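Novice: The lines below spell out each chain.
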Amino acid sequence: MAREFKVGDTFRHVRECDKYRPLYYAGASGDFNPIHIDKEVGMMAGLGGNILQGLCTMAWAVEAAVNFVGDPGRITRAKVRFSKPVMVDDTITYEGRVASTEGGKLVMEISAKNQKGEEVLKNAVVEARVG
Amino acid sequence: MPIDQRHIGKKYGPTRYEVGLEKMREFAYAVGGGVPTSSFGASAPSGLNPLLFDEQVAKDSPYGKPIAFPTFPVTFAMAPFGQAVTDPELGINLLMLVHGEQEFELFDAIHPGDVMTTTGTVTQIYEKAGKDFVVVVTESRNQKGKLVVRGTWTAVIRQG
Chain A
8 MAREFKVGDT FRHVRECDKY RPLYYAGASG DFNPIHIDKE VGMMAGLGGN ILQGLCTMAW
68 AVEAAVNFVG DPGRITRAKV RFSKPVMVDD TITYEGRVAS TEGGKLVMEI SAKNQKGEEV
128 LKNAVVEARV G
Chain B
-9 MPIDQRHIGK KYGPTRYEVG LEKMREFAYA VGGGVPTSSF GASAPSGLNP LLFDEQVAKD
51 SPYGKPIAFP TFPVTFAMAP FGQAVTDPEL GINLLMLVHG EQEFELFDAI HPGDVMTTTG
111 TVTQIYEKAG KDFVVVVTES RNQKGKLVVR GTWTAVIRQG
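Read top to bottom, the protein sequences are chains A and B. In this text, residue positions in the first sequence follow this note's numbering: the first is 8, and each later residue adds one. In this text, residue positions in the second sequence follow this note's numbering: the first is -9, and each later residue adds one.
Bound conformation, chain B alone (with noise of 0.2 Å):
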């Protein structure tokens, strides 16, 4: 069954995350081939650029600060969309679901401490070959109201 327009302009959120230094570093060993943990001896895999989790290295660069690799923000961003696909206004079949399309862009680099806020938008929703789409938008700003991350979140859900 189609998903509903009217829905479209549907907002979600604000949500709030404090970003931490553990956290971004769990990140970054995730994606860069380790474990996401300091624990049992679990260090950071080879190759990993050290900017992502080294305080000293950090310091001692133009950032002054480690800073969150450019993917980090879904442990934020992703909260409105999560929302969205999961409102039962929408109707969503999430085991339908798969993510479509994904696209970040970052206006600036984001630290331990920074504390972010994210609202989103369903800026579209259309049907096609046999699939629905559901576009969300979102907006992440730090403590100083600074803009840092646009997501655009695309989910296709199969019909059954």
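Bound conformation, chain A alone (with noise of 0.2 Å):
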């Protein structure tokens, strides 16, 4: 795979968290904090309803980056600040930047927001080994 990758390449990724996908990731990851996965627990938490798990919201930013890069197994680095609760029938779009090549290694910049536009990640950032 010999794929040139330049500083400014941009990718972008839409996933949307439907009604079980709380649940679907909780089981999957473990995770079956009630916050996630009862409403009226996400409610009386002051939440407005169930969130989904931070961590889903960041395997989906870096799902993008897995998705650009081509190969899961290159990844070696993710770091985000979940800046906004996701909740069931958002619709979040991920839209990565190549900000850096140096070395080896791909620094990719990721943006998450909501169908509202309001950040639900922020300083997103997926790193993989490339060459």
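Just so you know, these hints were derived from the structure itself, not from any lab. Treat the numbers as computed from the prediction; the structure is a model and nothing was measured. The C-beta atom is built at its ideal place from N, Cα and C for all residues, glycine as well. Be aware that one or more of the hints could be misleading.
[Stated by the list, open to error] Among the chain A residues that face chain B by a calculated CB cut under 10 Å, a handful are:
# : residue
1 : R22
2 : D25
3 : I82
Join the two chains, each given in its own frame, into one complex according to the hints.
Specialist: Next comes the structure, spelled out in structure tokens:
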């Protein structure tokens, strides 16, 4: 896979948090915190309903990078700040940009916004080994 | 009430976890927009990288075996973080807790059959803008003793 990555290259990824996604992600990941799978508990916690696991929002940012790079085994680092909860029926758009390609390391900065344009992640960075 | 900083340095674990192909597959399906099961006719969601679940494709790749999705380590590396935030000595109200930040550093691929041992340490406790922050750093090693994943987990607790 002799592919060239250049600073400024961009990629885009869209995921919807369907009604059952927090349950599916709970089953797959083991994160059954009631605020993620029980609407009433989410309301009680002042969150306006159950919220998607932040780690799933993060996984989608990583997925955006995996799809761009083409090989999940090349991902070496991922870091995010969770700035706003993702609710059921939210659609999250990820837009990535290659910030650096130095030293065989691809640094991708990724923004993640809901359908209202609000950032659900801040300072999201995914790094991959290239070459 | 602020969380007592004397808990900085407290350790949790080790916890042991054996990585299985079906669990890896379920995780990849759930992230990829599918249903995390092999039952009821469920199949891989479209566009999912086959290295994550297809043994034959993986066999013909440089990896030889399926590889776990990069954030699959949440299935085993979260344990010490979970123990810390539910530790009665720290006294965190779980209803007020949200996940603030997360980082994973990945040093090697994870394959079915790997046995991961994870330990965690509370590295920071601080208060900022009326919220409490607790940071736990986890390290997960495989059966060969190699450090495979370092996770940095930041919990934010809204003060009631």
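Novice: Any CB of chain B closer than 10 Å to the CB of R22 of chain A?
Specialist: Holds. Min distance 7 Å.
Novice: Would the hint on I82 of chain A stand, with a C-beta cut-off of 10 Å toward chain B?
Specialist: 4 Å, holds
Novice: Please verify that hint: D25 of chain A, Cβ, nearest Cβ of chain B, below 10 Å or not.
Specialist: 8 Å, holds
In summary, the structure agrees with every hint in the numbered list given earlier.
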